[in-house]
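K.L.:
Residues per chain, in single letters:
Protein chains: 2
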Amino acid sequence: MSQLRRNIVTGEWVIIAQERKGRPYHFGKQKHEEKCPFCPGSEEMTPGETLRISDGEDWILRVVPNKFPAVCIENESVDDRDLFYSLCEGTGRHEIVIETPLHDKTLHHLGKEQIFKVFTAYRERFVQLSKLQDIQYVQIFKNCGKNGGASLPHSHSQIVALPFIPPRLRQEMEGAKRYYDQKGQCVFCEMIRAEVNSQDRLIYQNGHFIVAAAFAPQFAYEAVFLPTLHQQDFGQVEDRVLYALADAFENTMQMMEKILGEFPYNLVLHTVPYGMEEDAYHWHLELMPRVSYHAGFEMATGTFLNSVSPEEAAKRIRGF
Amino acid sequence: MSQLRRNIVTGEWVIIAQERKGRPYHFGKQKHEEKCPFCPGSEEMTPGETLRISDGEDWILRVVPNKFPAVCIENESVDDRDLFYSLCEGTGRHEIVIETPLHDKTLHHLGKEQIFKVFTAYRERFVQLSKLQDIQYVQIFKNCGKNGGASLPHSHSQIVALPFIPPRLRQEMEGAKRYYDQKGQCVFCEMIRAEVNSQDRLIYQNGHFIVAAAFAPQFAYEAVFLPTLHQQDFGQVEDRVLYALADAFENTMQMMEKILGEFPYNLVLHTVPYGMEEDAYHWHLELMPRVSYHAGFEMATGTFLNSVSPEEAAKRIRGF
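As you go down the protein sequences, you meet chains C and F in turn. Per this note's numbering, residue 1 is the first one in the first sequence, and the count goes up by one each step. Per this note's numbering, residue 1 is the first one in the second sequence, and the count goes up by one each step.
Among these hints, one or two may not hold up.
The list cannot tell twin chains apart, which means a pair is met if one copy fits it or any two copies do.
To be verified - Here are the simulated DSSO-like cross-link-like pairs (lysine-lysine), alpha carbons at most 30 Å apart as the crow flies:
| # | residue 1 | residue 2 |
| --- | --- | --- |
| 1 | K117 | K183 |
| 2 | K21 | K177 |
| 3 | K131 | K35 |
| 4 | K146 | K183 |
| 5 | K183 | K112 |
| 6 | K117 | K35 |
| 7 | K315 | K35 |
| 8 | K183 | K131 |
| 9 | K146 | K131 |
| 10 | K177 | K258 |
| 11 | K35 | K112 |
| 12 | K67 | K315 |
| 13 | K258 | K131 |
| 14 | K177 | K146 |
| 15 | K183 | K35 |
| 16 | K183 | K258 |
| 17 | K177 | K112 |
| 18 | K35 | K177 |
| 19 | K131 | K105 |
| 20 | K112 | K258 |
| 21 | K67 | K183 |
| 22 | K177 | K117 |
| 23 | K146 | K315 |
| 24 | K21 | K146 |
Just so you know, the hints here were simulated from the structure itself, not pulled from any lab data. Quick caveat, the model's predicted, so the values are computed rather than measured.
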């Protein structure tokens, strides 16, 4: 059972998902000490697939329901005797994208074709999960490495279909709307122009994407993947754009690995909810390397402290 | 030089403090490999004291300016050619409370008298720093342990005097005001009543404080220290209340250590800015053990995922 609880002072919601305590944790364990549930031959360890991509013979990508979900399909009814606080059921879906049958390869070393397939799987499940009843938003993200919050090293992403629009997305959509109402322009399109003009924070560029170090980063080396084509809805994105994203991701990550080594990170996708008309918004991905920490200052103030400027980060990543 | 930069989409500010890269990092190093700047005999390694408490002969607590500040007293003027984005100077003060001359003792093992002295040092510097020109808020917090974001193991706290009211505090003050306007009661006073009534999340209680597991925690085992006396301004708090806080802190931390072992944490103090009349608010401390991680889901959505319910956390900490 999972529960949504509201902070009575700030209005923020948190999810209490006690089932997740049972999930396996394989970092720091000997290889093969425990069987990896995402490897070929372990298919019976996961619930039934919601998507499978194969090379004709074997699978090369699987999407499966998470056995230890943050939100559940069904919930017991909530005990609301405690009337001072607010809580409700946390219903939704939680899926895992097993990005490769290979246990030891990270996403950016799988080759452009496979990375592209991962992104098409995101799009396919984004669209399908968005159509379910009571689902307001489908959040796609990836945790890589122990400090990135991953519990298993085998390369995977996560998709959580939620019964609400997350506050972070709402905040971004409102900000973009405000900018659009004031200036008559998409703030992300303007950002692309500013980054290409100044070059100071630019990391990589191809026909459909720019990658730039974030101007106001929450984490050291934080970067944003911005599609140059103005589109709000990830569900509508064409294959050629996803292919360019695969190229941008592969190149950026390999450049970053050269200076940071194998680094933990979170990758998050922001889009309008599937089918929503909100022309002021512009879908994108945010990459947050977890080589710096959020600590007391961030928790206390809600303001982030960063000791690497994005201009210096971009310079180091580019190598000039 | 430190800089405040605004996220053009969300409006959030971040602080870029490049000097902080130079700060010493002693976790994982051999003992005595590098001299601890907070130990007796290293006094010349820190800038001059802003507060010293001694036992008549030697110091037992020092407050010194941080050599690697998040915000600086003076800044170069900011280059604002880049007009698309917003930035400004990050002026303020950043001090360190060296809580004890003992290198190896954590705060909750120093004894009630010394813990009380640390809290009186907080109050003293809160008041003095608040009186400086251009200072809007003085944030007190403590990072303990490597995963708590500390860079030195010698027990210390931090005090940052800021040229703005932090968004997190603003959010709490607005929430408290909204509740007060609707119900005519302080939301924190009501919370104390609800927690004492239900007992489900109650961890510790004395004449002036209750400690409860947070109803909607961002982190597993998160707890809140609530003074039972309704006061908004930490600068006005009396010694007897601070002594009761020392008692509550010592007992709660030792109870938590029994089940979590030596655990990393952040402790943050929330109060109205010194001298502000805001009767709807109620000062308090929040304790965030860092035994769970924020990862892609939290970054992407702004909603927190927690696999330990506060009721279970309180039960485990209480031991019944």
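K.L.:
All hints are to be evaluated individually against the structure, with a verdict given for each.
P.N.:
Hints, one by one, checked against the model:
Proximity of K117 and K183 under a CA criterion of 30 Å is satisfied in neither setting, with 37 Å inside one chain copy and 54 Å between copies. Taking the shortest Cα distances, K21 and K177 never come within 30 Å of each other, neither inside one copy (39 Å) nor across copies (36 Å). Taking the shortest Cα distances, K131 and K35 never come within 30 Å of each other, neither inside one copy (35 Å) nor across copies (61 Å). In this assembly of identical chains, the alpha carbons of K146 and K183 never lie at most 30 Å apart, being 42 Å within a copy and 45 Å across copies at closest.
Proximity of K183 and K112 under a CA criterion of 30 Å is satisfied in neither setting, with 38 Å inside one chain copy and 58 Å between copies. For a Cα distance limit of 30 Å, the shortest separation of K117 from K35 inside one copy, 26 Å, qualifies, whereas the shortest one across copies, 53 Å, does not. Taking identical chains as interchangeable, the C-alpha atoms of K315 and K35 are never at most 30 Å apart, the minima being 42 Å within one chain and 34 Å between chains. Proximity of K183 and K131 under a CA criterion of 30 Å is satisfied in neither setting, with 34 Å inside one chain copy and 40 Å between copies.
Taking CA atoms no more than 30 Å apart as the test, K146 paired with K131 passes in neither setting, with 33 Å inside one copy and 44 Å between copies. With identical chains, the CA atoms of K177 and K258 are never at most 30 Å apart, being 38 Å at best within one copy and 50 Å at best between copies. For the homomeric pair K35 and K112, the shortest alpha-carbon distance inside one copy (28 Å) is at most 30 Å, but the shortest distance between copies (49 Å) is not. Taking the shortest Cα distances, K67 and K315 sit within 30 Å of each other only across copies (27 Å), while inside one copy they are farther apart (42 Å).
For the identical chains of this complex, K258 and K131 are neighbours neither inside a copy (41 Å) nor across copies (48 Å), given an alpha-carbon limit of 30 Å. Within a single copy, K177 and K146 get their C-alpha atoms no closer than 36 Å, and across copies no closer than 40 Å, so neither meets the 30 Å cut-off. Taking the closest pair of Cα atoms, K183 and K35 never come within 30 Å of each other, the shortest separation being 55 Å inside a single copy and 55 Å across copies. Proximity of K183 to K258 under the C-alpha cut-off of 30 Å is found in neither arrangement, the shortest distances being 40 Å within a copy and 57 Å between copies.
For the identical chains of this complex, K177 and K112 are neighbours neither inside a copy (34 Å) nor across copies (53 Å), given an alpha-carbon limit of 30 Å. For the homomeric pair K35 and K177, neither the shortest alpha-carbon distance inside one copy (48 Å) nor that between copies (53 Å) is at most 30 Å. Taking the closest pair of Cα atoms, K131 and K105 never come within 30 Å of each other, the shortest separation being 33 Å inside a single copy and 56 Å across copies. Taking identical chains as interchangeable, the C-alpha atoms of K112 and K258 lie at most 30 Å apart only when both belong to the same chain, with a minimum of 18 Å there against 50 Å between chains.
Taking identical chains as interchangeable, the C-alpha atoms of K67 and K183 are never at most 30 Å apart, the minima being 46 Å within one chain and 42 Å between chains. Taking identical chains as interchangeable, the C-alpha atoms of K177 and K117 are never at most 30 Å apart, the minima being 32 Å within one chain and 50 Å between chains. Taking the shortest alpha-carbon separations for K146 and K315, both the intra-copy value of 27 Å and the inter-copy value of 29 Å come in at or below 30 Å. Both within a single protomer and between protomers do K21 and K146 lie at most 30 Å apart by alpha-carbon distance, with minima of 16 Å and 23 Å respectively.
Checked against the numbered hints above, the structure breaks hints 1, 2, 3, 4, 5, 7, 8, 9, 10, 13, 14, 15, 16, 17, 18, 19, 21 and 22 and satisfies the rest.
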